[in-house]
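Participant: Residues per chain are reported as follows:
Number of protein chains: 2
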Amino acid sequence: MDAVGNGPKIGIDGPTNPMVTPLLTDLYQFTMAYAYWKAGKNNERAVFDLYFRRNPFGGEYTVFAGLEECIKLIANFRFTEDEIAFIQESLPPSCEVGFFDYLRGLDCSDVEIHAISEGFVVFPKIPLMRVEGPVAVVQLLETPLLTLINYASLVATNAARHRFVAGKSKLLLEFGLRRAQGPDGGISASKYCYMGGFDATSNVAAGKLFGIPLRGTHSHAFVSSFMSLDEITERSLQSCDGSNVCEDFVSSVQTWLSKLKLSYLLGGIFGETNQSELAAFISYALAFPKNFLALVDTYDVMRSGIPNFCAVALALNGLGYKAIGIRLDSGDLAYLSCESRKFFRVIEKEFEVPDFGKTGITASNDLNEETLDALNKQGHEVDAFGIGTHLVTCYAQPALGVVFKLVEINNQPRIKLSEDVSKVSIPCKKRCYRLYGKEGYPLVDIMTGENEPPPKLGERILCRHPFNESKRAFVVPKRVEELLKCFWPGRSGESREELPSIQLIRERCIEQLNQMRPDHMRRLNPTPYKVSVSAKLYDFIHFLWLNEAPVGELL
Amino acid sequence: MDAVGNGPKIGIDGPTNPMVTPLLTDLYQFTMAYAYWKAGKNNERAVFDLYFRRNPFGGEYTVFAGLEECIKLIANFRFTEDEIAFIQESLPPSCEVGFFDYLRGLDCSDVEIHAISEGFVVFPKIPLMRVEGPVAVVQLLETPLLTLINYASLVATNAARHRFVAGKSKLLLEFGLRRAQGPDGGISASKYCYMGGFDATSNVAAGKLFGIPLRGTHSHAFVSSFMSLDEITERSLQSCDGSNVCEDFVSSVQTWLSKLKLSYLLGGIFGETNQSELAAFISYALAFPKNFLALVDTYDVMRSGIPNFCAVALALNGLGYKAIGIRLDSGDLAYLSCESRKFFRVIEKEFEVPDFGKTGITASNDLNEETLDALNKQGHEVDAFGIGTHLVTCYAQPALGVVFKLVEINNQPRIKLSEDVSKVSIPCKKRCYRLYGKEGYPLVDIMTGENEPPPKLGERILCRHPFNESKRAFVVPKRVEELLKCFWPGRSGESREELPSIQLIRERCIEQLNQMRPDHMRRLNPTPYKVSVSAKLYDFIHFLWLNEAPVGELL
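Quick note, the sequences are listed as chains G and F, same order.
So that you can map any letter, position 367 of the first sequence is 367 in the UniProt record's numbering, and since no number is skipped, the others follow by simple counting.
So that you can map any letter, position 232 of the second sequence is 232 in the UniProt record's numbering, and since no number is skipped, the others follow by simple counting.
Be careful, since some hints might not be right.
Copies of the same chain look alike in the list, so a pair counts if it works inside one copy or between any two.
With a cut-off of at most 25 angstroms between alpha-carbon atoms, the simulated DMTMM-like pairs for lysine to aspartate or glutamate come out as follows [what the hints assert, rightly or not]:
1. K208 <-> E96
2. K429 <-> E497
3. K168 <-> E60
4. K416 <-> E497
5. K208 <-> D13
6. K72 <-> D82
7. K170 <-> E439
8. K208 <-> D101
9. K168 <-> E272
10. K423 <-> D329
11. K429 <-> E419
12. K438 <-> D329
13. K456 <-> E548
14. K416 <-> E339
15. K38 <-> D241
For the record, the hints were derived by calculation from the structure and aren't laboratory data.
Let the hints inform the model, and build the full structure from the sequences given.
Facilitator: If you want it as C-alpha cells, here you go:
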C-alpha cells in the first residue's frame, strides 16, 4: 500500500475485508468534497449523527454492531496514489489539481468519533455514532460507515431474535454461508450472528478470522456417495481408551442392527435399512469415532436413518465412544425429533446404555423465528438448531435504514425537515444517556444538548418525546449511563475506548439483552422503549423548526 | 501467500475479494474430505450439478452470474500452510497427519467445470455448472461456488427485472452501497446490477474494480451545510468557451431568480426561495459548471428547489453551459416530475432557451419494481432512476436457492430422493441444449445423458417433463445451442472458454433477455419456460428412482 497521508499511527489494524478502503463510498461524496474544497468550506467543522428510525423485524430493539470495523477504517483512512488517480479520472477534467493534493494529505486525525459500545441494545433516533470533523472528510466517511453498520446491526439483531425464540438452553449454529449475499455477506453474518448470541458457525474462514467455534459433520452427498458395505476396506477400530481393537467394526454394527430389529420394544418400527446410508455412517464413524454425528434423513428417518445411526452408535459405545447425535434436515422436525428421542430412550432402557436417551438432536432446513416458535408450541426434542438462509439474509427484512445526518456545522445547529415528521432530524451536537429504574431495567434514553448538565441520580428529570408535545414523563433515575463514548479522539486528547474482543462484545450483548424489561422483547406486540429529549433540547428543536420551515404564501 | 500446491498456473487472477479463499467453506466439507480420505475414497470421480429449483421474484427467468469469480477461485485453489494449520486445529486431534499432507498437495488440476456462459438467461433444474473431479476436492468447492453464484445470479436477475419495468430508454443507476449486506454485498451488487442491465453505479470501488460508469452529485447534507449566500466568496465563473468571465455569478443567478418570479407564466408558483439551498446550488455550479445536477427536495420542490435550480441553470446557460438536471428524492415522484417538466418547458418557451424543456430528471427514494410500475401507470417525466435498498438487498426475495447435488460417482448415477418431488435430483452426467423455434425464440431446454446423440436441426425430438409423465412435446428445432461449455478443463485437454469482460457479458445478457418470448418475461402471470429431459433420460431417472426408493413394509 502506497498510502500517502501522515495521519496518526496508533497500531489499529485495517478492516477485516481488505476491500473496505476509502474508495468504498459513493461518488457524490467526492463531488461534494470537491465542491466544499472549491468553496473553501472543506475544513468547516461539522457534526453528523448516525442513527436509524425504526427497529427491524417488527420488534422494539436493535443490537448495535459494526463499530470495530468502522474504527479500523478510520484509523487507516488514507488514499493511495492509485486511488487518487482513479478519483481524478472519475471527476470532470475541469477539477483543479489542488484538490487531489488535498486528498493526498487527508486522514482522520482531525475526526472525532463518539459511539455507543458495540453489542449494546439500541433504539431509534438515538445516535449510534456521532462523527465530528472537517465537513469534507466526514462526508467521505458516510457511505462506508453506513455499509459497515447497517447489515452488521441488522443481522446481529436477527440472531438475538432467533436466540430469544429458541431459548437459552439450545445450541444455535449459523449455517448460512452458501446463501449469504456474497462472500463478505457470509463472513459478516457469521461474525455478527455470533455476537448476537449464536454459539458456532459452519464458516471456516469466519472461524479463523474471529475465533468463532466451528461446527459441521456431513451432507446428503456424503451418504449418496456410498453404494454398499463392500466399499469399506479398513474395518478395524481401536477402543476409545486404546486398550483393545475391534477387528471388524462393520460386523459389530450389523450385529447391533439385528438386535435392534429383534427388539421387542422397537420391533416393527423398521425393516431393511438403506445399505449405502449404513456404509456412509460406518465410514464416518471410523473417521471420527469420538465425534459421530449423522445426517439421518437421506432415505427415511424412522425406517432407515435412525436405526442405522443407533446401530453405529451402539457399536461405538461398545468400544467406549459416545456418539454425539443426529441431524434432521427435512420433514416434520417436531414429530421426527420426538420419535427419535423415544427410540433413543427405548435403547437406553432395553440395552442399558446410560444416557443414550440424551443423544443430541440437531435440526436444520429453512428455519426462522416463526418455525422455531411453531416447534416450541408443538413440542419438540431438538437440542441444537442449524439456521441459514433466513438468518443471514435477514429474509424477514433484508435492510436496516441507518442514516447519517448533519446536525451542526460551524457551531450552528442544522435540522433536516420533512413532510414526514418521523424523518425530521434532531439538531445539535448532543449527549445521550440511558436512565435505569429501581428494578434495574433501562427506563428511557434521553438526548440533551452538549453543554447541559447530565441527569443526576435520584433527581427528577423531564423526558419529552422529541416531536409529540403531549408525550412527556418525569423520571427519577437510579442509574445514569452515558451512551456515547469516545472511540476516536482525533486531536482532542480525550482518552480512547478500547476495542474489546468479539467474545467480550458477545457477552456484553447477551447481558444487555437480559437486562431489558421482558415486554420490550416479546415477539408479538412488544412495548416500545421510550426515547426522549430534555426539555431544553425540545424547545430548541421546535424553535429551529419554525425558523427553517418556509412560511406558506397563499398566492 | 505461501501456497504449497503445484497446480496449473495459467495466469488467471484470484477472486476479486481476497477473502474468497479455500477456507471460505463449511466445516463439514473438511470433515467429509477427511472421511473420504480415511476410507480411501477421496479420489473417486464424482459429478455434481449446481442448479436452482425455482426462479426468484415470482418470475419465470433468472440471469446466471458469478461464473468468472468461481473460475478465479478454482484456478488458484491451493491451501497455504497457515490455512492447513487452522484446519488441523479445527478437526479432532485424532485426525491422521497424512490428511494434511494430502491437503498440501491438493489443487483443482483434476477438476473439470462445464458451465452455462455468464449472463445467459437460465431456468430451474438445468445445471448452471457441472463440476467433475475427485469427490473430496469437488465437495470442498460446494460452499464457495454456491456463495459466489447464489447472490450474483439473484441480484443480476433483480436488475434485469427493474430494467424490464423501467423500459429501455431510461437511465438506471445503482445507489445501494450503504444498505447492502456488507461491503462485498455492495461491491457484488454494483457488479451484477451492471451485468443485469443497469447503466452506472454510485460505488467508486466497484467503478475502479470493474470499469462500471460512475454517477453521483450531492446529498441533502450538502444543501444543509450552507447558511447564506454570504458564504460564497469566490464568485467569478469563466464562460464555457473561455472567451469571457462573469465576475459575479451570484448576482447573475439572483437576476434570473427575479426574472422567474416576475414571469407571467410562472408567476404565483413560488415566493421567497430558501437561501441556503440557493447558496449550495451556486457553490455546486461553481465547482461543476459543466455537470450541474441539483437535489431539489431539501426544503420544498416546487416553491424552492426548482426555481433555485432554474435560476442557476439559466445563469450557467448565459455562459454557454448546459445544466444536466435535477434529482427528486422524496414526495410524489410522478406529480413532481411532471410539474418540474412543465416548469422547464415554460422556461424554454418564455426565455427562448433551446432544449431547456428536456432538462434531465432523476428520481430516487426507495424505488422498486412495484413503484416503477406504478409511476409508469400514473405517467411521469423521469429520465433516470437511482435505485438502492430494494435492488441490492433483493428485498422482494433476498436469497436464491442454488444447490449442489451429486449426480454420479465412479460412473454410477446417483439420485437424491425426497418426499417433495420438486426436490428429487436428476441423476447422471448430462448434456444440456437450448432448442430454438422458427421465430427465433428459445422453445425449451433439454437434458440428455452424456453419450446420447445431440438434438439435430430440423429433426423431431421428444421433450419430456422430468417428473410428470403426461407432460411431453415434440419439438423440431431450428437452432440447437449446447449450454454447458468447458470453463476449466482440468487435465482433459478440452479447450477452455475465455472469460469475457463484464462489458461483454452485460451485452450478452441484454441480448439474451431481448430474445426471450415476451410472455415468459412479463411481471404478472408469466408463462413458465419449458425444461425437459430426453425420453431415454426420462426412462433412466424413473428406473433409478424405483430402484432406490425403499419399498414400504406394511408391518
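Participant: State for each hint whether it applies.
Facilitator: We went through each hint and held it up to the structure:
no. : hint          : in the structure
1   : K208 <-> E96  : between (46 angstroms within a copy, 21 angstroms between copies)
2   : K429 <-> E497 : within (20 angstroms within a copy, 58 angstroms between copies)
3   : K168 <-> E60  : within (20 angstroms within a copy, 42 angstroms between copies)
4   : K416 <-> E497 : neither (31 angstroms within a copy, 54 angstroms between copies)
5   : K208 <-> D13  : both (16 angstroms within a copy, 24 angstroms between copies)
6   : K72 <-> D82   : both (21 angstroms within a copy, 24 angstroms between copies)
7   : K170 <-> E439 : neither (28 angstroms within a copy, 59 angstroms between copies)
8   : K208 <-> D101 : between (39 angstroms within a copy, 20 angstroms between copies)
9   : K168 <-> E272 : neither (39 angstroms within a copy, 61 angstroms between copies)
10  : K423 <-> D329 : between (44 angstroms within a copy, 13 angstroms between copies)
11  : K429 <-> E419 : within (23 angstroms within a copy, 61 angstroms between copies)
12  : K438 <-> D329 : neither (47 angstroms within a copy, 46 angstroms between copies)
13  : K456 <-> E548 : neither (33 angstroms within a copy, 74 angstroms between copies)
14  : K416 <-> E339 : between (60 angstroms within a copy, 24 angstroms between copies)
15  : K38 <-> D241  : between (77 angstroms within a copy, 21 angstroms between copies)
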